[in-house]
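Residues per chain are reported as follows:
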Amino acid sequence: MFKLIYTEWLKWNKQLIFRIVCAFYLILLPSVLMLGKKLPELPPPIGTTEVMFIFPTVWTYLGYIGNWLCFFFFGFFAVISITLEFNNRTLRQNIITGWSRQDVFLAKFGSIAALSLLATIYYVLCALVIGYTHTDVVYLSKVFQEGDIIFRYWLMSFSYMTFGLLIGFLIRRTVIAVFIYLIYIMILEPVLRWGVHRYFWEHPSMHFYPMNATEDLIPAPLSPIAEEFAEKAGFDLFMSPFEAIITTLIYTTVFIFIVNSHLKKADL
Amino acid sequence: MILQTKQLTKEFGPLRAVERLNLEIEKGMVFGMLGPNGSGKTTTLGMVLGIIHPSAGSFEWFGGQRGSNPRRFLGALLETPNFYPYLSAEDNLKIVAQIKRIDKPDIDRALEIVNLLQRKKSKFKTYSLGMKQRLAIASAMIGDPEVLIFDEPTNGLDPQGIAEVRETILQIAQMGKTIIMASHILDEVEKICSHVAIIKNGRLLATGPVGAIINDDILIEIGAEDKAQLQGFLPTLTGFSKIEETDFGFLLYLQSELPTSSINRAAFENGIIINHLRRRQKSLEAEFLEITNQN
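Chains as they are written, first to last, in my numbering: chain A, 1 to 268; chain B, 1 to 295.
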């Protein structure tokens with residue numbers, strides 16, 4: 001497994017898009033949060049912007065920024081990491097050279113799991129540094145009050161990239177695949193949920209869509225809007241962390257299963 | 001036995017790209033798969049290399065003695081050279097070595113054989129087509145595999161590139177490797193291969209040693225002012241397998257070596273004035289077309 005992931009590393013570490021994606025993630029994750037210092041204050045009832053930087057809420061604010069970055073940069077990279085292999089016909093060459101289809105599958109999913117892990121470690125480091133430098137009195141119990149968010153962060157990143165791999169494998173053409181990835185998450189699924197599902201059936205089940213569940217692993221810290229929605233609709237705006245984890249795990253498993261069976265059967 | 005296919009078949013919808021193909025390739029052969037474009041050569045190689053699933057039939061590498069994934073013991077290139085364009089030759093070959101699970105690959109040696117050592121740090125996308133093709137050969141050589149597979153290795157190359165690639169393949173053949181090469185160029189197969197299989201519309205038309213399948217018949221073109229008289233005289237000659245009438249007179253298929261001067265003398269002694277006498281080798285293209293057209 002390590003060898004497979006190392007081979008993927010050899011493929012990508014000198015590639016420009018991969019380097020740009022990583023650089024953006026590394027720079028933007030802490031710096032977007034730090035931009036919060038420029039805000040005069042947050043909408044009531046939160047008020048002061050201090051919550052963005054202190055334990056334990058720093059996890060949520062930083063996590064939500066990471067949510068967008070992972071969706072946009074890592075998901076995008078996952079899509080092109082497959083489509084470019086189809087364009088260059090290197091995936092089939094990998095198999096001709098000696099990988100089994102199972103090796104291809106393990107290499108791809110192993111490397112997005114590893115990349116998600118590295119992204120999560122960086123997230124944890126950033127949160128710890130920012131939290132410690134901004135919290136006046138640090139209690140360890142407060143620091144890790146919502147420690148499960150670390151696992152949810154990893155799963156969030158892995159889930160976006162799994163969806164990216166799925167789209168990449170099924171579509172194979174870079175531009176169309178990237179377009180579908182972005183359009184599905186940003187337009188199609190929201191329209192399905194808010195326009196269609198909610199119109200016919202205003203029920204918590206409107207949340208149980210794959211990319212929404214992924215997003216709700218680390219939901220937007222928008223308590224006033226969430227409360228307003230809950231009052232009107234009679235159920236919460238976001239899934240609970242537990243619901244989000246289970247839903248994401250189920251969808252991710254299904255996507256992995258589809259990719260695996262597709263890869264086994266397809267002529268390359 | 002290096003490779004054996006049994007009734008190998010591939011259908012793409014209603015199209016039968018390969019039909020019940022039986023091939024036997026033994027150690028040390030330089031085996032040419034000869035056929036026109038679209039005859040099913042690449043599809044066949046795609047199947048035995050694991051990227052295309054056969055519709056029916058089976059194949060077996062090394063008599064089944066190299067486990068479930070024998071491709072690591074082969075070196076192969078299919079159609080175009082496929083590499084990561086943004087990586088150097090060296091980095092691309094490192095990936096190949098990783099996939100083949102070779103810890104200390106001799107990348108420099110492989111690049112030296114194909115004369116690319118000077119350019120090993122250059123990115124693949126900066127290479128000319130000939131260099132790309134040669135890199136593909138170097139890549140196939142990584143790990144010193146017993147069997148090398150080349151698919152149209154000189155396709156799209158200029159004459160110098162063709163000569164270089166052929167020279168390289170011949171060198172590899174001299175190392176005692178088994179080579180399987182698909183080509184639509186008869187001359188190439190004749191110059192490089194020891195054995196040949198002729199394939200058309202996915203079917204095997206003929207297979208065997210190159211000399212037995214593609215024989216270089218010697219032909220004599222002969223013409224006289226009095227064609228009828230010549231026609232009467234020709235059957236009295238011996239050493240021909242066939243006589244064919246043509247525009248200029250007749251075409252004789254020689255079975256054994258016979259100087260034209262002796263034909264001329266015999267004709268003259270019979271009072272026939274020859275006005276056209278020419279010795280030539282049957283063109284290989286003609287032979288190939290003959291085999292493929294008969295079927």
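If you're looking for bench data, these hints aren't it; they were derived computationally from the structure. Take the hints with a grain of salt, since some may be wrong.
For lysine-lysine, the following PhoX-like pairs were computed, each having C-alpha atoms within a straight-line distance of at most 20 Å [to be verified]: (1) Lys14/A to Lys120/B; (2) Lys6/B to Lys125/B; (3) Lys6/B to Lys14/A; (4) Lys27/B to Lys14/A; (5) Lys121/B to Lys94/B; (6) Lys14/A to Lys200/B; (7) Lys94/B to Lys3/A; (8) Lys120/B to Lys132/B; (9) Lys6/B to Lys3/A; (10) Lys132/B to Lys121/B; (11) Lys6/B to Lys27/B; (12) Lys3/A to Lys27/B; (13) Lys191/B to Lys227/B; (14) Lys104/B to Lys125/B; (15) Lys132/B to Lys104/B; (16) Lys14/A to Lys94/B; (17) Lys94/B to Lys104/B.
Cβ-Cβ distance ranges computed for the label pairs, FRET-style [claimed, not checked]: (18) Gln102/A to Ser58/B: 13 to 23 Å; (19) Val196/A to Ser58/B: 45 to 55 Å; (20) Ala56/B to Ser240/A: 49 to 59 Å.
C-beta: ideal position from N, C-alpha, C; glycine also.
Comparing the hints with the structure gives:
Distance check on the hinted pair: Lys14/A and Lys120/B sit about 16 Å apart at the alpha-carbon level, within 20 Å; holds. The suggested pairing of Lys6/B with Lys125/B is violated, with an alpha-carbon distance near 39 Å, which exceeds 20 Å. For the proposed pair Lys6/B and Lys14/A, the alpha carbon gap of about 44 Å is over 20 Å, so the pair is violated. Pair hint Lys27/B plus Lys14/A does not hold up; C-alpha atoms about 40 Å apart against a cutoff of 20 Å.
Of the pairs offered as hints, the one joining Lys121/B and Lys94/B holds, with about 12 Å between alpha carbons and a cut-off of 20 Å not exceeded. The hinted pair formed by Lys14/A and Lys200/B fails the criterion: a straight-line CA distance of about 44 Å is larger than 20 Å. For the suggested pair Lys94/B and Lys3/A, the alpha carbons sit about 12 Å apart, so the restraint of at most 20 Å is met. At most 20 Å may separate the alpha-carbon atoms for a hinted pair to count; Lys120/B and Lys132/B meet this at roughly 12 Å.
The suggested pairing of Lys6/B with Lys3/A is violated, with an alpha-carbon distance near 35 Å, which exceeds 20 Å. Using a Cα cut-off of 20 Å, the hinted pair Lys132/B and Lys121/B holds, with the two alpha carbons roughly 14 Å apart. For the hint pairing Lys6/B with Lys27/B, the CA-to-CA distance comes to about 18 Å; that is within 20 Å, so the pair holds. For the hint linking Lys3/A to Lys27/B, the alpha-carbon distance of about 32 Å lies beyond 20 Å, and the restraint is violated.
For the suggested pair Lys191/B and Lys227/B, the alpha carbons sit about 39 Å apart, so the restraint of at most 20 Å is broken. Distance hint between Lys104/B and Lys125/B is unfulfilled; the C-alpha atoms sit about 26 Å from each other, more than 20 Å. In summary, the hint linking Lys132/B to Lys104/B is not supported, as the alpha carbons are separated by about 23 Å, beyond the 20 Å threshold. This hinted pair checks out: Lys14/A and Lys94/B have alpha carbons roughly 13 Å apart, not beyond 20 Å.
Restraint check for Lys94/B and Lys104/B: the C-alpha separation of about 10 Å stays at or below 20 Å, so the hint holds. At roughly 20 Å, the beta carbons of Gln102/A and Ser58/B sit within the given window of 13 to 23 Å. In this structure the supplied range 45 to 55 Å holds for Val196/A paired with Ser58/B, their Cβ-Cβ distance being about 49 Å. Between Ala56/B and Ser240/A the beta carbon distance is about 53 Å. The supplied range of 49 to 59 Å therefore holds.
Hints 2, 3, 4, 6, 9, 12, 13, 14, 15 from the earlier list are contradicted by this structure; the remaining hints agree with it.
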